[in-house]
Each structure stands twice: as structure tokens, then as C-alpha cells.
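> Single-letter residue listing:
There are 2 protein chains.
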Amino acid sequence: MKARITITLRKGILDPQGQAIAHALQGLGFAGVQDARQGKVIELTLADGTNAAEAKTQLEKMCQQLLANPVMEDYSVEMVA
Amino acid sequence: MKARITITLRKGILDPQGQAIAHALQGLGFAGVQDARQGKVIELTLADGTNAAEAKTQLEKMCQQLLANPVMEDYSVEMVA
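So the sequence lines, in the order shown, correspond to chains C and L. Taking my numbering, the leading residue of the first sequence gets 62, the next gets one more, and so forth. Taking my numbering, the leading residue of the second sequence gets 62, the next gets one more, and so forth.
Hints are computed from structural coordinates only; laboratory data are not their basis. Among the hints, erroneous ones may be present.
For identical chains, the list gives no copy identity; a pair is met inside one copy or between any two copies.
[To be verified] Here are the simulated DMTMM-like pairs of lysine to aspartate or glutamate, each with C-alpha atoms no more than 20 angstroms apart in a straight line:
#1 Lys122 <-> Asp135
#2 Lys101 <-> Glu115
#3 Lys101 <-> Asp76
#4 Lys101 <-> Glu139
#5 Lys63 <-> Asp96
#6 Lys101 <-> Asp135
#7 Lys117 <-> Glu134
#8 Lys122 <-> Asp96
#9 Lys117 <-> Asp76
#10 Lys101 <-> Glu134
Kindly produce the complete structure, drawing on both the sequences and the hints.
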């Protein structure tokens with residue numbers, strides 16, 4: 062079973078890396094780009110036969126304990142297959 | 062309009078950061094984690110009124126020209142809203 066965790070900076074937290082991307086894209090002629098925010102994605106392979114609901118609880122715990130910084134970051138968890 | 066670009070290392074390319082995450086999670090007691098791969102996610106805000114099909118073509122071009130390294134990375138593009 063695969064799961065995907067997406068971690069992004071909270072709204073309101075300055076994202077210089079995202080700003081650099083937006084500026085670079087505008088400089089390349091992509092004028093429609095108004096803003097960019099960069100985050101992380103972590104794809105986990107979980108042992109087969111894991112209960113999906115239980116896995117989701119575990120994934121939330123992983124985010125809280127290790128993967129995300131809850132002060133500055135938001136995270137979302139989704140099962141892929 | 063918002064778009065999300067996900068960039069991950071190609072299969073077969075060593076991902077030490079992902080391995081470190083997997084080991085750390087196993088060390089914390091999440092024994093079901095078999096593997097982890099880390100990638101980047103970029104959320105773009107595009108000018109309103111952009112044609113979705115055209116935007117997708119533009120996003121592919123952004124990935125090829127700037128955002129992804131096509132030798133080592135895979136990318137996927139999705140429109141969010």
C-alpha cells in the first residue's frame with residue numbers, strides 16, 4: 062500500500078524559495094504565474110494488508126512526531142493505492 | 062486558478078533523504094513503513110481566466126525548462142481549482 066504525505070508552509074509564513082521560483086518563471090516569460098509556494102511530498106510504501114483507516118491514523122502521527130513542523134507547516138495525508 | 066506540480070526522483074535513482082525518513086520512522090516504532098521517497102511539490106497561482114488546457118501545456122514547459130531535472134526526476138501536473 063502506498064501513501065502520500067504533502068507538507069507545505071502555512072499561509073502567512075514567508076516562502077522565499079517559492080518567491081524565487083515565481084520570479085524565475087516570470088523571467089522565462091510565463092507571465093501568468095502570480096505566486097508559487099514550495100513544499101515537500103513524501104511517498105511511503107506501507108506493509109501490505111494494512112487497514113486503510115488505521116494507516117491514516119498512523120500517518121497523522123508520523124507527521125506530528127517527525128515529518129512536519131506543526132508550528133510552521135500544514136500537512137495532508139492521502140492513500141494512493 | 063491553482064495548479065500543483067509534483068516532482069519526485071525517478072525510480073532507480075538513490076534517495077538518501079527518503080531512506081533517512083524511512084529509518085527514522087521505523088526507529089519511532091512505525092514498523093509498517095517499508096520505504097520512503099521524498100520529492101518536491103510546487104503550488105502555483107495562475108492568472109484568472111487562463112484556459113485549463115493551455116495552462117497544462119505551459120506547466121509542462123515550466124517543468125522542462127526550470128523546475129525539474131528530466132534526467133533524474135519525474136514530474137506530474139494537476140489543476141487544483
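> Would you mind marking each hint as holding or not holding in the structure?
Now for the hints, and whether the structure bears them out:
Taking identical chains as interchangeable, the C-alpha atoms of Lys122 and Asp135 lie at most 20 angstroms apart only when both belong to the same chain, with a minimum of 13 angstroms there against 28 angstroms between chains. When the C-alpha separation of Lys101 and Glu115 is checked against a cutoff of 20 angstroms, the pair qualifies neither within a copy, at 23 angstroms, nor between copies, at 26 angstroms. In the homo-oligomer, the alpha carbons of Lys101 and Asp76 lie at most 20 angstroms apart both inside one protomer (13 angstroms) and across protomers (14 angstroms), since each shortest distance falls under that limit. Taking the shortest Cα distances, Lys101 and Glu139 sit within 20 angstroms of each other both inside one copy (14 angstroms) and across copies (16 angstroms).
Taking CA atoms no more than 20 angstroms apart as the test, Lys63 paired with Asp96 passes between copies only; the shortest distance there is 9 angstroms, against 30 angstroms inside one copy. For a Cα distance limit of 20 angstroms, the shortest separation of Lys101 from Asp135 qualifies both inside one copy, at 11 angstroms, and across copies, at 15 angstroms. For a Cα distance limit of 20 angstroms, the shortest separation of Lys117 from Glu134 inside one copy, 18 angstroms, qualifies, whereas the shortest one across copies, 27 angstroms, does not. Only between protomers do Lys122 and Asp96 lie at most 20 angstroms apart by alpha-carbon distance; the minimum there is 17 angstroms, versus 31 angstroms within a single protomer.
Taking identical chains as interchangeable, the C-alpha atoms of Lys117 and Asp76 are never at most 20 angstroms apart, the minima being 28 angstroms within one chain and 24 angstroms between chains. In this assembly of identical chains, the alpha carbons of Lys101 and Glu134 lie at most 20 angstroms apart whether taken from the same copy (10 angstroms) or from different copies (14 angstroms).
Checked against the numbered hints above, the structure violates hints 2, 9; every other hint is satisfied.
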